[in-house]
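The residues making up each chain are set out below.
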Amino acid sequence: MYANRRFGRVVTVSASQRVATDDQLARLLQIGIVLEEVVEARAHHHYRSLDTELDAEVETLLEDAAAESADHRERLEALIENLGGDSVPFDEIETLVDARYGRTKPEDFDGVLYDQLCNEETAYKFYDDLIEAIERSEATFSLDRESLVSTLETIRAEEAEGVREVTEVMERR
Amino acid sequence: MNTADQYLKTIYVIQQDTDGPASTGAIADALDVSPASANEMIGKLESRGLAEHEKYKGVQLTDDGIVRAREALQTYCIIERFLANVLAVEEFREEARDLEAVIDGTVAERLDTIIDRQPECPDCFDPETDACACLELASPPE
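For the protein sequence lines, the chains are X and G, in the order given.
Each residue of the first sequence is one higher than the one before, counting from 30 in the working numbering.
Each residue of the second sequence is one higher than the one before, counting from 2 in the working numbering.
For reference, chain G alone in the conformation it holds in the complex (with noise of 0.2 Å):
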């Protein structure tokens, strides 16, 4: 998943929550990344016509940003679900944000065809515990 995915998967999360756009500072303290470095992402995504950015209001995905911002949570979904139940990583949260920048989409669409993902993902993807709400974990989170 390249940095502009993560971005827009972030960008998604956060407009899904607080229901209005996001702020560039709320997007920034979620990457850990700078304002500067934040304002620069989104303005490629802008130009991609992949978000809108309105001053002082904050960033809002476009039809296409939020198509591109689905696919990136479901992948996000499946490596979390595959170290967790494949490999039965105890900290796949942790692995998962390490891993992600490093595979791809296709890469994760094979590794789909061995998990069992339900229907409605990453509709059910859950920010507070950073994970798919449906995941069976082979051990419980601590």
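The shape of chain X in the complex, shown without the other chains (with noise of 0.2 Å):
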């Protein structure tokens, strides 16, 4: 039983990959939110930094993408507020994202569409491990969960249609 006693605080298979209380599916949803948050920030600093050679295609994408992922944020922030949890504001994950951009930025014009690429799929793959869960979880959630679906389910489409316009962009150049 030593190994018990030495790792007992490392027992780590206890989620089973599903969710199983409302704090859980909040905490859940407020790193949805984070995600959205990190690609509309870095979307907009990819953005300032293309200012010498404005790219009408890549800007566009990079537009939609700000607006697309502010729009995911306030559908997730409003499944939060059902369920009794806090958003993350907007503005501290700015500040984060700026304080380690110098440290993660792409550094050319394909690394910028490669960085949007990663967001897209990242917010895919996060939904889709977040439905299964919550498919697999027969817990009772304080909001309904035909709606939580289709939203989640809904979002996670329009995440895998960003993927493929990034990838056409990335095919044509």
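Since the hints were derived computationally from the structure, they do not count as laboratory data.
The beta-carbon is built from N, C-alpha and C at its ideal position, and this holds for glycine as well.
Do not rely on the hints blindly, as some may be mistaken.
[Stated by the list, open to error] Quick list of the computed label-pair ranges, beta carbon to beta carbon:
#, chain 1, residue 1, chain 2, residue 2, range
1, G, Glu53, X, Phe138, 43 to 49 Å
2, X, Asp84, G, Glu110, 22 to 28 Å
3, G, Asp127, X, Thr196, 40 to 46 Å
4, X, Asp137, G, Ala134, 33 to 39 Å
5, X, Asp157, G, Thr19, 24 to 30 Å
[As the list claims (entries may be wrong)] Computed footprint of chain G on chain X, listed as stretches where at least three residues anywhere in the stretch have a Cβ under 8 Å from a Cβ of chain G:
#, stretch
6, 98-104
7, 156-163
With the hints as a guide, bring both chains together as one complex.
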């Protein structure tokens, strides 16, 4: 039982890839909000960094991505509100993005597109896992499960569309 | 993070601490699962070339297994650090354990762009406290 004492705090297979409580769901929705805020703030940064040789296609792509993230964020905030949870203020995340952007920014134009592709793919994966974890759970949440899943499915579909759009732009270049 | 990654992470931490193979019992205890479940997953890890199991000795990760385990540990550190420093969650260890199964490595990588992780991560992971030793907390643990 040495290991149990020693590693008792490293117990890890607890969630079994399912969402069990309102609090867990609210936390995951908060993480979704932060992901959207990161996308929005990075897209703004990329957009500003393109000021010399403006590329209309990429500019539109980034503008749309930022607007879509803001919209997703609002929809997630509405869900969280029904769970009695708090959102995460955009300006706080924007400050964190600003602070680290120098270290994590893409190096060139292709890098901007690739970063945007990562944003869309990551968001898709997040919502996909979240929907699966909700569907695996038999828990009753304080908000209507059907409308929760339907909102998340809509957002996931938009992320899939985003992946397709960025890929198309990358292929054309 | 899927279940296989959670096993790899646990085996890696035990291996590091004991400087030798991890016994099935120790793995099962650490993960709070039955020895039969642990054995089943260890078999799967073996068939994927991620671990080697020697009877009466225990399990050792292969080089590929170690790479995957370190990635999983890094993902876990990112989640803890994100919860503690960005969302100011006091019970960040407990929440990280609850959430890690639902947070994929790619998602953690994005969260990593807004946290200040040390380059030595995940070697700074301390199994005693179940957290990164370099983690500066907004509010100190009780």
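Against the structure, the hints come out as follows:
no. : hint                            : in the structure
1   : Glu53/G x Phe138/X: 43 to 49 Å  : holds (46 Å)
2   : Asp84/X x Glu110/G: 22 to 28 Å  : holds (26 Å)
3   : Asp127/G x Thr196/X: 40 to 46 Å : holds (42 Å)
4   : Asp137/X x Ala134/G: 33 to 39 Å : holds (37 Å)
5   : Asp157/X x Thr19/G: 24 to 30 Å  : violated (37 Å)
6   : 98-104                          : violated (count 0)
7   : 156-163                         : holds (count 3)
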